[in-house]
Amino acid sequence: MSFRKPSVLPGFGLTFGFTTFFLSAIVLLPLAALVLAAASMHWSDFVRVVLSPRALGSYRLSFGASLLAASINLVFGFIIAWTLTRYEFPGRKVIDALIDMPFALPTAVSGIALATVFAQNGWIGRYLEPLGIKVAYTWLGVTLALTLISMPFAVRAVQPALLEVQRDLEEAAETLGAGRLYVFRRIILPTVLPALLTGFTLSFARAVGEYGSVIFIAGNLPMKTEITPLLIVIHLEEFDYQGAAALGVVMLAISFVVLLTINLLQAWNRRRYVRAAH
Amino acid sequence: MASSLPGVLATDATRPGQHTWMNTLVRWLFISVSLSFLAAVLLAPLATVFVMALAKGLPAYLHTFSDPDTAAAIRLTLITAALVVPINTIFGLAAAWAIAKFEFRGKSILITLIDLPLAISPVISGMIFVLLFGLHGWFGVWLQEHDIAIVFALPGIVLATMFVTFPYVARELIPLMEQLGNDEEEAAITLGAGGWMTFFRVTLPKVRWGLVYGMVLCNARAMGEFGAVSVVSGHIRGLTNTMPLHIEILYNEYNFVGAFAVASLLTLLAALTLVVKTLVERTGYRRR
Numbered sequence: 001m002s003f004r005k006p007s008v009l010p011g012f013g014l015t016f017g018f019t020t021f022f023l024s025a026i027v028l029l030p031l032a033a034l035v036l037a038a039a040s041m042h043w044s045d046f047v048r049v050v051l052s053p054r055a056l057g058s059y060r061l062s063f064g065a066s067l068l069a070a071s072i073n074l075v076f077g078f079i080i081a082w083t084l085t086r087y088e089f090p091g092r093k094v095i096d097a098l099i100d101m102p103f104a105l106p107t108a109v110s111g112i113a114l115a116t117v118f119a120q121n122g123w124i125g126r127y128l129e130p131l132g133i134k135v136a137y138t139w140l141g142v143t144l145a146l147t148l149i150s151m152p153f154a155v156r157a158v159q160p161a162l163l164e165v166q167r168d169l170e171e172a173a174e175t176l177g178a179g180r181l182y183v184f185r186r187i188i189l190p191t192v193l194p195a196l197l198t199g200f201t202l203s204f205a206r207a208v209g210e211y212g213s214v215i216f217i218a219g220n221l222p223m224k225t226e227i228t229p230l231l232i233v234i235h236l237e238e239f240d241y242q243g244a245a246a247l248g249v250v251m252l253a254i255s256f257v258v259l260l261t262i263n264l265l266q267a268w269n270r271r272r273y274v275r276a277a278h
Numbered sequence: 001m002a003s004s005l006p007g008v009l010a011t012d013a014t015r016p017g018q019h020t021w022m023n024t025l026v027r028w029l030f031i032s033v034s035l036s037f038l039a040a041v042l043l044a045p046l047a048t049v050f051v052m053a054l055a056k057g058l059p060a061y062l063h064t065f066s067d068p069d070t071a072a073a074i075r076l077t078l079i080t081a082a083l084v085v086p087i088n089t090i091f092g093l094a095a096a097w098a099i100a101k102f103e104f105r106g107k108s109i110l111i112t113l114i115d116l117p118l119a120i121s122p123v124i125s126g127m128i129f130v131l132l133f134g135l136h137g138w139f140g141v142w143l144q145e146h147d148i149a150i151v152f153a154l155p156g157i158v159l160a161t162m163f164v165t166f167p168y169v170a171r172e173l174i175p176l177m178e179q180l181g182n183d184e185e186e187a188a189i190t191l192g193a194g195g196w197m198t199f200f201r202v203t204l205p206k207v208r209w210g211l212v213y214g215m216v217l218c219n220a221r222a223m224g225e226f227g228a229v230s231v232v233s234g235h236i237r238g239l240t241n242t243m244p245l246h247i248e249i250l251y252n253e254y255n256f257v258g259a260f261a262v263a264s265l266l267t268l269l270a271a272l273t274l275v276v277k278t279l280v281e282r283t284g285y286r287r288r
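Protein chains in written order, with the working numbering: chain A, 1 to 278; chain B, 1 to 288.
Chain A on its own, in the form it takes in the complex:
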């Protein structure tokens, strides 16, 4: 086998064969079925489904709310990561462990819990109601659910980068008379920028495909509070497999672009660290 370096360790054929076989059977073939189902459509049918007003409305909500949620996480993710890495306060370790909660918590549970808390008579919803802010069953609710479920990605991406920031550089800058904002802009931000962008992209990627938590808090009204994954489910329930596959391919294409962006960002991040080390 010329495509691998020789090694004294056994088991490459077995493990590599099993891995690629299982990967193909469970992941690649089913995904190919999706692409084929969409490809078997007539081009004009594909365009009609993918660019229908209802589909366009769902993209607007799915992408708009996901971008907003990722932006909220960009800001709060940084603040939380900063608080957890720089400050010592009672309960810090518990909070640090809880950050992963949305990741471990089933999305249906986050969905019904958020819908209850932010409903008109809910713990938080009742204080927002007099202010004229309706969260449950609006696009705000969608954004909120997406913010919650993608929050760990943003925090966990930034935390290690913040630990990398060289404190002695900050101290040197302050000794030389740099102001706090100047230190932030010239020393901290450049170091954590790739991590911030990675966290943003990961949050977005997680949010854009989310289904479980959103359907409980969104009103699921066509054109208004209907996300793209829900529209796919509606097509499936009407046994319109091709329509569902067409929308699925659109979402899949977006996932690929996002995945590619993440890989490029991480490669950029690694290069920067290597440069910094020399």
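In the DSS-like style, the derived pairs of lysine-lysine whose C-alpha atoms are separated by at most 25 Å in a straight line are:
no. : chain 1 : residue 1 : chain 2 : residue 2
1   : B       : Lys206    : A       : Lys5
2   : B       : Lys206    : B       : Lys277
3   : A       : Lys5      : B       : Lys107
For the record, the hints were derived by calculation from the structure and aren't laboratory data.
Knowing the structure of chain A, use the given hints to seat chain B on it.
What follows is chain B alone, placed relative to chain A:
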């Protein structure tokens, strides 16, 4: 840092501006913003789960679990996890061995492909199996002729769950094995140990905590998966409803105590997962 300075300086010459009011203000601002944000979007919903579940007292809470449909949902979730976690664990071990122990071309593509299910919407993860095995799917007619049910039955639920939780064990093990290196395995092989013996006596003990964490994570996702399973399950009460799907049904029937009671079990499972994660990290093993 400060202790290396002479006595007088040690108290005064800390970081410049360390004790200014500005610093204290920023510090409290960051902590309070962080905590308020987490309290609103994370802690309040978590507390709600238990408050709502116990809203009508403990007997009503416990009564939920005597309902046969709820019991069936719990059983189905346990069966699914019992099938999915071991299979994905074996896959994760095989993938980690191939990727971390050997250098070959196309390795990064393989890693990306393994991670693929993480980037895909759960709805699509379920849909692909409907497209393959559903009544109007590729093998739908053939399956019906042979009286094999995959979609709207246990095999479909297991397949969709397997797809969604596919990367978790591998993702934990690959970086860990790469970091630990091959020296000990190479020594074992050179001294005459067989491949399996090397794996069970050298590699497995080294990576056991990463393996435990990967399995626990895989299990949490397997038991909690909603979107993918929702698409393939058909929502047949008492038959193809997993716990998350049963939550949806109870919630839509305004049976809030029931919905949140089932949700409380899954919340406890999530909490347990985080406890295991914390314990595993305490053993010195860190992710990435």
